[in-house]
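Trainee: The primary structure of each chain is shown beneath.
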Amino acid sequence: MSVFSTIVSQIFNGLQSGSVYALVALGYSMVYGIIMLLNFAHGDIIMVGAYIVWILMSFLALPPAIGAVAAVAGCTLLGVAIEKVAYAPLRKSPRLSLLITAIGVSFFLENAAQLVMGAGSKPMPTIIKGTNIEIGSAHISFVSVVTIIVSVITMLLLTLLVQKTKMGKAMRAVSEDMDSARLMGININRTISFTFAVGSALAGIAAVLYSCAYPQASPTMGSMLGLKAFVAAVLGGIGSIPGAMIGGFAIGLLEALVSAAGLSVWKDGVVFGILIIVLIVKPTGIMGRKMNEKV
Amino acid sequence: MKKFISVALVLVFVLSLFAGCGSKTPASTQPATSAAPQGGTGTIKIGVLGCTSGDYAQYGNAVIHGAQLYIDKVNAAGGINGKKIEYIIYDDKGDPTEAVNAYNRLVGNGITALLGSVLSGATAAVVGEANPTNMPMITASATDAGVTYNADKKLVYKNVFRTCYIDPFQGQKMADYASQKLNAKTAAIIFETGNDYAVGLKNAFIAKAKANGITVVAETAYSKGDKDFKSQLTNIKAKNPDVIFCPNYYEDDGMIVTQARQLGIKSVFMGGDGWANVYKYASAADLEGSIFCSSYAPGSTDEIKKFEADFKAKYPNETPNMFSAQGYDAAIVLLDAIKAAESKNLKVGSAEYKQAIIDGMKNTTSVGLGGKYKFDEYNNPIKNAVIIKLQGGAEKFSEVF
Numbered sequence: 028m029s030v031f032s033t034i035v036s037q038i039f040n041g042l043q044s045g046s047v048y049a050l051v052a053l054g055y056s057m058v059y060g061i062i063m064l065l066n067f068a069h070g071d072i073i074m075v076g077a078y079i080v081w082i083l084m085s086f087l088a089l090p091p092a093i094g095a096v097a098a099v100a101g102c103t104l105l106g107v108a109i110e111k112v113a114y115a116p117l118r119k120s121p122r123l124s125l126l127i128t129a130i131g132v133s134f135f136l137e138n139a140a141q142l143v144m145g146a147g148s149k150p151m152p153t154i155i156k157g158t159n160i161e162i163g164s165a166h167i168s169f170v171s172v173v174t175i176i177v178s179v180i181t182m183l184l185l186t187l188l189v190q191k192t193k194m195g196k197a198m199r200a201v202s203e204d205m206d207s208a209r210l211m212g213i214n215i216n217r218t219i220s221f222t223f224a225v226g227s228a229l230a231g232i233a234a235v236l237y238s239c240a241y242p243q244a245s246p247t248m249g250s251m252l253g254l255k256a257f258v259a260a261v262l263g264g265i266g267s268i269p270g271a272m273i274g275g276f277a278i279g280l281l282e283a284l285v286s287a288a289g290l291s292v293w294k295d296g297v298v299f300g301i302l303i304i305v306l307i308v309k310p311t312g313i314m315g316r317k318m319n320e321k322v
Numbered sequence: 026m027k028k029f030i031s032v033a034l035v036l037v038f039v040l041s042l043f044a045g046c047g048s049k050t051p052a053s054t055q056p057a058t059s060a061a062p063q064g065g066t067g068t069i070k071i072g073v074l075g076c077t078s079g080d081y082a083q084y085g086n087a088v089i090h091g092a093q094l095y096i097d098k099v100n101a102a103g104g105i106n107g108k109k110i111e112y113i114i115y116d117d118k119g120d121p122t123e124a125v126n127a128y129n130r131l132v133g134n135g136i137t138a139l140l141g142s143v144l145s146g147a148t149a150a151v152v153g154e155a156n157p158t159n160m161p162m163i164t165a166s167a168t169d170a171g172v173t174y175n176a177d178k179k180l181v182y183k184n185v186f187r188t189c190y191i192d193p194f195q196g197q198k199m200a201d202y203a204s205q206k207l208n209a210k211t212a213a214i215i216f217e218t219g220n221d222y223a224v225g226l227k228n229a230f231i232a233k234a235k236a237n238g239i240t241v242v243a244e245t246a247y248s249k250g251d252k253d254f255k256s257q258l259t260n261i262k263a264k265n266p267d268v269i270f271c272p273n274y275y276e277d278d279g280m281i282v283t284q285a286r287q288l289g290i291k292s293v294f295m296g297g298d299g300w301a302n303v304y305k306y307a308s309a310a311d312l313e314g315s316i317f318c319s320s321y322a323p324g325s326t327d328e329i330k331k332f333e334a335d336f337k338a339k340y341p342n343e344t345p346n347m348f349s350a351q352g353y354d355a356a357i358v359l360l361d362a363i364k365a366a367e368s369k370n371l372k373v374g375s376a377e378y379k380q381a382i383i384d385g386m387k388n389t390t391s392v393g394l395g396g397k398y399k400f401d402e403y404n405n406p407i408k409n410a411v412i413i414k415l416q417g418g419a420e421k422f423s424e425v426f
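Top line first, the protein sequences correspond to chains A and B. First residue of the first sequence? That's 28 in the numbering used here, and the numbers climb one at a time after it. First residue of the second sequence? That's 26 in the numbering used here, and the numbers climb one at a time after it.
Keep in mind that the hints were calculated from the coordinates and are not lab data. Don't take each hint at face value.
Said to hold, decoys possible - Computed cross-link-like contacts, DMTMM-like style, restricted to lysine to aspartate or glutamate with a CA-CA straight-line distance of at most 20 Å:
| no. | chain 1 | residue 1 | chain 2 | residue 2 |
| --- | --- | --- | --- | --- |
| 1 | B | LYS408 | B | ASP311 |
| 2 | A | LYS156 | B | ASP311 |
| 3 | B | LYS379 | B | GLU154 |
| 4 | B | LYS249 | A | ASP206 |
| 5 | B | LYS399 | B | GLU244 |
| 6 | B | LYS421 | B | GLU313 |
| 7 | B | LYS291 | A | GLU161 |
| 8 | B | LYS399 | B | GLU420 |
| 9 | B | LYS397 | B | GLU420 |
| 10 | B | LYS408 | B | GLU424 |
| 11 | B | LYS264 | B | GLU244 |
| 12 | B | LYS330 | B | GLU420 |
| 13 | B | LYS252 | A | ASP204 |
| 14 | B | LYS264 | A | GLU161 |
| 15 | A | LYS156 | B | GLU313 |
| 16 | A | LYS193 | A | ASP204 |
| 17 | A | LYS309 | A | ASP204 |
| 18 | B | LYS178 | B | ASP401 |
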């Protein structure tokens, strides 16, 4: 295997994990954009999605397509339910209360999963099967090609949704200025719920893709994934949709690069080092707009 | 009214005092079982120590039940030299302090040898007490090298033996297997950094592989909790090794094999006993041909089949495993040594008697489920490893190596 094909393989490794990070980071960014909340339970929604796939496919022996659709639907419902139960009553509270609630929800989901499903990881059945692709001597797995394609399509659809539809316009308006949007007759509660639904649906898609690539479901699988996606969102500029995509791919490629250089043990350290550097040097991230505190 | 309240309060306090007493009965001070009635030409008392409650109870119960199975069998056949073996079981909960307390109680009960403890930490603590008094001791499951050998003082604890092999042993065995059986010329390693078990196996493998003329072309690490190994594996793929040594636990091993096959790596995967149960965590096709070593192969020999049947008959709710087999073997080695001591006409429990048991274990010729036992200069067993091969999605016994 030549140096060139090793580089090509490593780039695809990075793009694959990067596209999952990007999908998760989008959920973080959209929710933050609209109610200024860092939804730390977002990673755990992915964990629930993975368990849904596991239950349907391993336990009930249903086909993968049903498992995937149910996981996306389940995550969407869970996201909206969390918003209604845990965050909506706190809409007028200080942002810190909201943040702590998000951490509480995250702990709740992780421990509930541990209680119900056990602490060990569950082996996931094969979700998608296909022949691997050879580019020269480089070997690209079918799963990573599917992951990258599915996430790019999802991101394109999301961009269309936000830019071209009425609901997207409402989302942008609410994130710009919630009070003015309300005065213009936009239903704030519905818009916020819709944002949570879209973000969680993305998490559901990420859960399915993640389960294809890393076929195990465990109660804490979402926490590190969520944290890294959070770094991706901050790097791209939290609140910005294209920023989250760029940040996700950047973090994925960076991890692959660090591991390829033989520093795999430092992978997490480098990612969180990026978070610190971004927060010091350019807190608004790559695509972030300059934010003026509303008075 | 005031009086009534004060009387009621006193009553409540008194009651709570009783309640407190009731719940205070410590589990570890009660002998769980003591078999064989006194009589005949006397009994030989031994202590059995292990964690029968707490987080690691599954290991403790397996070891102790395995040992009990053999001791009861010997007693049923008339004991040793007409004397029954009386064993006292104490629970140390896997805790070093509890283990020392329980051991001291056992000494107070007049034991002449100890089988235990189960976890390395608890066993090492007991060794600290048992070594100065030359108490014969055998553990079935403490794999830490320090249990029988103090590396700082270069001192072997002469009274302590074990029937399980120590962590580095597996790395050496697999390096030998790679060169002798697989004719491997190159090897790569992927291991979890910061995990004593994985690092111990890895270091032993590398040292032995080099001695065997195998070139280690890549040595890559990952951190606990990592799920993505593709970057490391891509680097390994570029080196195209004959074998990949993967001395980690089964969940990670399954993930590593799956991702390696996705990247088109065709090398043979090898691992240690942490691989047991890996068949659930990767597809049959991906695992096909992978090899790991263990000290126990279910149903592989007639002796093991007999042991399994007896074990299930005695403990219908448990499955015999590696730990129960090692407990059974520890009892065999110990009782054979006691037999040797008995033949010398010494007084049971005397210092000479204990020394005779220790000598008996040191020069053991016992044959257990794990084959013929022989101890090296560090009192670790020189025994064969059982090689398990993944075939058609099942972990199949391949050979004794």
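Trainee: Hint by hint, say whether it matches the structure.
Mentor: Results of checking the hints against the structure:
A threshold of 20 Å between alpha carbons decides the hint, and for B/LYS408 with B/ASP311 the separation of about 31 Å lies outside it, so the pair is violated. At roughly 13 Å between alpha-carbon atoms, A/LYS156 and B/ASP311 fall within 20 Å of each other, so this suggested pair holds. Of the pairs offered as hints, the one joining B/LYS379 and B/GLU154 holds, with about 15 Å between alpha carbons and a cut-off of 20 Å not exceeded. With a C-alpha separation of about 46 Å, the suggested pair B/LYS249 and A/ASP206 falls outside the 20 Å cut-off, and the hint is violated.
Restraint check for B/LYS399 and B/GLU244: the C-alpha separation of about 34 Å exceeds 20 Å, so the hint is violated. In summary, the hint linking B/LYS421 to B/GLU313 is supported, as the alpha carbons are separated by about 11 Å, within the 20 Å threshold. At most 20 Å may separate the alpha-carbon atoms for a hinted pair to count; B/LYS291 and A/GLU161 meet this at roughly 15 Å. The straight-line distance between the Cα atoms of B/LYS399 and B/GLU420 is roughly 28 Å, outside the 20 Å bound, and the hint therefore fails.
Between B/LYS397 and B/GLU420, the direct Cα distance comes to roughly 24 Å. Violation of the 20 Å bound is thereby established for this hinted pair. Note on B/LYS408 and B/GLU424: the hinted pairing holds, with a Cα-Cα distance of about 13 Å set against a maximum of 20 Å. Between B/LYS264 and B/GLU244, the direct Cα distance comes to roughly 11 Å. Compliance with the 20 Å bound is thereby established for this hinted pair. A hinted pair counts as satisfied when its Cα atoms are at most 20 Å apart, and B/LYS330 with B/GLU420 qualifies at roughly 17 Å.
Restraint check for B/LYS252 and A/ASP204: the C-alpha separation of about 40 Å exceeds 20 Å, so the hint is violated. The hinted pair formed by B/LYS264 and A/GLU161 meets the criterion: a straight-line CA distance of about 18 Å does not exceed 20 Å. Proximity of A/LYS156 to B/GLU313 is assessed by CA-CA distance (about 18 Å); at most 20 Å being required, the pair is judged to hold. For the hint linking A/LYS193 to A/ASP204, the alpha-carbon distance of about 17 Å falls within 20 Å, and the restraint holds.
Pair hint A/LYS309 plus A/ASP204 does not hold up; C-alpha atoms about 23 Å apart against a cutoff of 20 Å. With a CA separation close to 18 Å, the supplied pair B/LYS178 and B/ASP401 stays within the 20 Å bound.
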